[in-house]
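Protein chains: 2
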Amino acid sequence: MGGATVLPVEGLPEVTLTFNIGKAIAGQIQLEDGDIIAVSQKIVSKSEGRVVRLDETDPGPEAVSLAARAGKDPRLVQHILDESRSVIRVDEERGILITETSHGFICANAGIDQSNTGAEDEAILLPLDPDGSARRIRVELETAASVRTAVLVTDSFGRAWRQGQVEVAIGCAGIQPLDDWRGEKDQRGRELTATVISLADQLAAASDLVRSKTDGVPAVVLRGLGHFVTEDDGPGCAAQLRDPADDLFR
Amino acid sequence: MGGATVLPVEGLPEVTLTFNIGKAIAGQIQLEDGDIIAVSQKIVSKSEGRVVRLDETDPGPEAVSLAARAGKDPRLVQHILDESRSVIRVDEERGILITETSHGFICANAGIDQSNTGAEDEAILLPLDPDGSARRIRVELETAASVRTAVLVTDSFGRAWRQGQVEVAIGCAGIQPLDDWRGEKDQRGRELTATVISLADQLAAASDLVRSKTDGVPAVVLRGLGHFVTEDDGPGCAAQLRDPADDLFR
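Line by line, the protein sequences give chains A and B. Quick note: the first sequence, position 83, residue 82 per numbering that gives the first Met the number 0, numbers continuous. Quick note: the second sequence, position 163, residue 162 per numbering that gives the first Met the number 0, numbers continuous.
Be careful, since some hints might not be right.
Because identical chains cannot be distinguished in the list, a pair is counted as satisfied if it fits within a single copy or across any two copies.
For lysine to aspartate or glutamate, the following EDC-like pairs were computed, each having C-alpha atoms within a straight-line distance of at most 20 angstroms [to be verified]: (1) Lys184 x Asp112; (2) Lys22 x Glu55; (3) Lys22 x Glu141; (4) Lys184 x Glu13; (5) Lys22 x Glu121; (6) Lys184 x Glu139; (7) Lys184 x Asp214; (8) Lys184 x Asp120; (9) Lys71 x Asp90; (10) Lys184 x Glu121; (11) Lys184 x Asp54; (12) Lys71 x Asp81; (13) Lys71 x Asp245; (14) Lys22 x Glu183; (15) Lys71 x Glu230; (16) Lys71 x Asp178; (17) Lys184 x Glu91; (18) Lys22 x Asp112; (19) Lys22 x Glu139.
Because the hints were derived from the structure by calculation, they are not lab data. Since the structure is predicted, the reported quantities are computational estimates derived from the model, not experimental observations.
Use the sequences and the hints to build the structure in full.
Given below as C-alpha cells:
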C-alpha cells in the first residue's frame, strides 16, 4: 500500500444558505479522481440553514429544569432537547448534556455549536441528514471537477474514558464507513475474528491534523486512498451506529 | 498550515525479544526531523517479551466463571484479569470482557491479542509501560538516524456507541497528547470553551489508513507535522486518561 497525503483547502469564502460547497472546494484546489474530501459539519449546517436564534426560542419546563442542573442557557437546552431522542447523561460539573440525537449519535449537547456563528444569540444544529448532505456535496464536486470522489461530513466528538475530542464522521458518501476484515486471514493464516475498522472515523481524524481550531479551514482533501472510494454512495454513516440493544454503555 | 504525508514503513523483519525497533525503522525509511512515527503495540510488546503461553497458564475460579459467561478460554481470561484493575462490562453476546487495564485504559480483553502470534497457544499482552516504550523507541530512532522525532505506540480499540475499532495511542513521547485550545479565540473573537483535541489519537487513526490488517506493516511515518514535535518527551498518553471520578460511562 502506498502513502497518503492530507491537504487543507485554504481560502474558502464565508458559507451562506444554499451555498454550493463542492463547487467552492473545487475552485480552491485541483481535485483528482479518488480524492476523499472531509467537510466540517458547521459549514454544511450553515449551507442548509440549520441555524437557530436563541432570542426567538421559548424554553419549556424540561429545558428550564435541565438548564438549571447543568448551568446552561435554557434556550440552548430547548434546542438540544428538540434535536435529541433522549438524554443519556447530565454532566453537571462540566455543563454538558450527553444526548442521543435524532440521527442516533451520542454526543455532547446534541452536537449544537455556539462558537463561530457570527452572533452571540445563534446556534448551529447538526444537519438533518448528514449522509444526505455528503451525497449532495459529492454530486456538487463531481459536477464542478468531473472527478469521482468520496465525501465525509465531520464533527468533533468527545469519548467515554479518554480525554479530548476527536473528529469523527457523521455523514459519508462514496465510501464504506466500516472496513470489515472478519473472515480474512492474518499473516500466519489465523482468522481475524473481531476486526471491523471504522474507516470513516479514521479518515475524519486524519483530516483534523492539518488545521487548527482557529484558522477556519472547513475542508480537507485526503489523497492516495482512492482504493477506498466506491462507485455507489454506500450505506452512509448511519451504518456506523451501534444498535442500542447491543450497546453496554448507555 | 501545510499538508501532511502518511507513509507506511515496509519490509521490517520479524520482531524478537530486545529487538531495536527504532534502528530497524531507520534502516527501512529515510527519516526527517519532525517525523512522527506510529508503532503498533504488537511489535513493541514482542520486543519487550510481553508474550505468554496459554498452556502454561492455570486459570483460577474467577477466570473460569467469567470464561463460562463470555464463552472464552479460561486461560486467556486469567491473563485478562491479571492485566486489569477491574472488569467494567461482560459482553456475553460477543464474548468480550471490557476491563480497565493496569494502565487505566478501558478496552476489550485488556488489549490482549491472540492473532499473529505464530502459535495457537500464545497471547500478546500490552506493554507494561507504553509511554516508556515510546520514549525508548524515540531514543533508538534518534541514535540510528540523528533526527528529532516523536513516537506513538498504537493499538485498535472499540468505542462506546459507535461500531468499528479505531487506532488510538496508548503511549507517546515527543508530543503533547492533548492539544488544548481552551482560552483561545475563534475567528469571530469568541472564546473556545471546550476544545481539547486528542492529537495523539488523531495521529494514531491517521497512521492506520496506509496499511491493511493483513499486510503486516507495524510502523508508519507521519510527515509534515513537525510543529507538534517537542524537545521533551512530554507527559505521555497517561495524560489522556479520564479521571474515573469524572467519567460518566463506567
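Query raised in the report: For this structure, which hints from the list above don't hold up?
Result: Violated: hints 2, 5, 6, 11, 14, 15, 16, 17, 18.
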